[in-house]
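Please build the complex by placing chain R on the supplied structure of chain U, with the hints as guidance.
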Amino acid sequence: MAAAKPGPSTPGAVGGALRVGQLAALVEGALRTLPTPVRLIGQVSNFTQRGHWYFAVKDADAVISCVMFANRAKGAGFTPADGQEVIVTGRVEFYKPQGRVSFYVEGIEPVGTGALQIAFQKLVAEIRGLGWMDPARKRPLPAFPRRIAVITSRTGAALQDVLATMRARCPAVEVAFVDVLVQGPDAASSVARALRWVASRHRALGIDAVIVTRGGGSIEDLWAFNERIVAEAIVTCPVPVAAAIGHETDTTIAELVADERCATPTQAAMRLTPDRAALREQLDLLAVRLRQSVHRAARAAGESLRSNTRHLTSAAHARSQAAARRLEQSMARLERSRPSAVYAQRAAGLRALTNKLHEAVARRLQAADPRPAGVALRDAWQAQAARHLDVLNGLQRQLGLVGPQAVLARGYSVTFDARGRVVRRPTDAPAGQPITTRLADGTLESIVRSVSRDPLAPASALPVPQVRQPRRRHRPTDDGPGLFA
Amino acid sequence: MSYEDAQAELEEIIANIESGEIGLEASIAAYERGVALAKHCREIHQRVEQKFTDLTGQMQAAMGEAEGGKGSKRGG
Numbered sequence: 001m002a003a004a005k006p007g008p009s010t011p012g013a014v015g016g017a018l019r020v021g022q023l024a025a026l027v028e029g030a031l032r033t034l035p036t037p038v039r040l041i042g043q044v045s046n047f048t049q050r051g052h053w054y055f056a057v058k059d060a061d062a063v064i065s066c067v068m069f070a071n072r073a074k075g076a077g078f079t080p081a082d083g084q085e086v087i088v089t090g091r092v093e094f095y096k097p098q099g100r101v102s103f104y105v106e107g108i109e110p111v112g113t114g115a116l117q118i119a120f121q122k123l124v125a126e127i128r129g130l131g132w133m134d135p136a137r138k139r140p141l142p143a144f145p146r147r148i149a150v151i152t153s154r155t156g157a158a159l160q161d162v163l164a165t166m167r168a169r170c171p172a173v174e175v176a177f178v179d180v181l182v183q184g185p186d187a188a189s190s191v192a193r194a195l196r197w198v199a200s201r202h203r204a205l206g207i208d209a210v211i212v213t214r215g216g217g218s219i220e221d222l223w224a225f226n227e228r229i230v231a232e233a234i235v236t237c238p239v240p241v242a243a244a245i246g247h248e249t250d251t252t253i254a255e256l257v258a259d260e261r262c263a264t265p266t267q268a269a270m271r272l273t274p275d276r277a278a279l280r281e282q283l284d285l286l287a288v289r290l291r292q293s294v295h296r297a298a299r300a301a302g303e304s305l306r307s308n309t310r311h312l313t314s315a316a317h318a319r320s321q322a323a324a325r326r327l328e329q330s331m332a333r334l335e336r337s338r339p340s341a342v343y344a345q346r347a348a349g350l351r352a353l354t355n356k357l358h359e360a361v362a363r364r365l366q367a368a369d370p371r372p373a374g375v376a377l378r379d380a381w382q383a384q385a386a387r388h389l390d391v392l393n394g395l396q397r398q399l400g401l402v403g404p405q406a407v408l409a410r411g412y413s414v415t416f417d418a419r420g421r422v423v424r425r426p427t428d429a430p431a432g433q434p435i436t437t438r439l440a441d442g443t444l445e446s447i448v449r450s451v452s453r454d455p456l457a458p459a460s461a462l463p464v465p466q467v468r469q470p471r472r473r474h475r476p477t478d479d480g481p482g483l484f485a
Numbered sequence: 001m002s003y004e005d006a007q008a009e010l011e012e013i014i015a016n017i018e019s020g021e022i023g024l025e026a027s028i029a030a031y032e033r034g035v036a037l038a039k040h041c042r043e044i045h046q047r048v049e050q051k052f053t054d055l056t057g058q059m060q061a062a063m064g065e066a067e068g069g070k071g072s073k074r075g076g
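Note that the protein sequences, when read in sequence, are chains U and R.
Counting with this note's numbering, you get residues 1 to 485 for the letters of the first sequence.
Counting with this note's numbering, you get residues 1 to 76 for the letters of the second sequence.
Since the hints were derived computationally from the structure, they do not count as laboratory data.
None of these values were measured; they are calculated from a predicted model.
Just so you know, not all the hints are guaranteed correct.
Said to hold, decoys possible - Stretch-level coverage of chain R by chain U, calculated; a stretch enters the list once three of its residues show a Cβ under 8 Å from a Cβ in chain U:
(1) 11-18
(2) 38-51
(3) 57-63
We put the beta carbon where it would ideally sit given N, CA and C, even for glycine.
Bound-form chain U, shown alone (with noise of 0.2 Å):
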């Protein structure tokens, strides 16, 4: 017994007992016998995120204490929660300084549809990060689609409730559907399938909107539309894609990333088919716009046309206010410049020079006298009076055309009575009477024999056959010499 009993010096126990450092050293080799790595499965607890994640996890029998370091912790896709079962993996140590026994966890899963719940989470962190999830990505449904492709599953009720939802709304939009698999493994793969050729057919089956939809489920049963496969064709669609997945309250990848979330396949349906009554509707609208639009044209047409024609008509008057204007101003002209007129003017300009010719014989003979310086008087007088006679024969010989002269000329002649006066009736040369009768060359002295009144003519006085007298200014009287002078 007292040999058993170890001293202090020996390096292996005192009394049979182990050092502390022994005995850790004893565990760390036990444990390094495990299985790596260790697989646990077990409920969470006491989980604490400072960085690392500190948690336990147990089950009705123990605890075991875990650590997951922050670089492990990254790549988990999910933050586990106090009562969520998960599988950890990794290593069991012995935390030598603090006595404990410590697992150090290299990965952990979600266990269960919790698993199905983080997959879905990291989904829509992937396709958020794409940028599927942008509204700015989403196009706008057509107003008026002439055809929809309708995936789904040919026994499904989504798609009668679609056709019935579209027939009542509007029946013209056409239906073009296509049968899939709407679970099971290989759903995902005979949706996107579908998708994909639709997109790439479109424009040849005149399809202008895709519905994707499906009846209510679990979550399993809905979980091919929340496969990255179907995300994609949906998101790759070159015409826009409805989805109405499972009930309201589901949530699914391919109604995220649809250009249009719909709650149930009658919601999907509403929302792509127009409403043929709100379209008759607008139509009215339309065409009571159409026919007042074309009669207001025809209005202000009209009144144009009025406005114009008074302007026209204004124009027109006022140009022959012009016209008339000077027409007047031309007449007043022409009246100024008339033969007879300007007759008249030479006349008055004759007479004058006549007057002036006297004069000048006179002053001459009054001065003349027989001396030489007289004879050179006289010849330039004689020269002046030339001259004027000159320009006298030319006035008279104008005045001649018209004036009496031409007439005598002619062969008629003008008979005055012994005081001086024109005769033109019988009754102003009484038998008896001297009178003078004027010829173109000269004149005649006569005695009135006998008078006799031509029986044809009327009471009044006939008109003087022999002159026509000027008319206006510068009449000359019955008696003046003026006449002829």
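Chain R in isolation, oriented as in the chain U frame:
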């Protein structure tokens, strides 16, 4: 002509006539076109038969598949 195109053209015609920038003769010609477009739209409204085409077979033939027999699972 699609309903949308017809309606868009009709609205454009109305705007043109309302602007007064086109003459009366052109307005009347545009009006006649507008009436024809409205009639076209009305005929579309009045369709009662829903045209349904099943493209599944066409798709499967195009993609060289023989998936028709598999059937599809009923959803919800």
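Which numbered conditions among the earlier hints are violated in the structure presented, ordered from lowest to highest? Hints that this structure does not satisfy do not exist here, as all of them hold.
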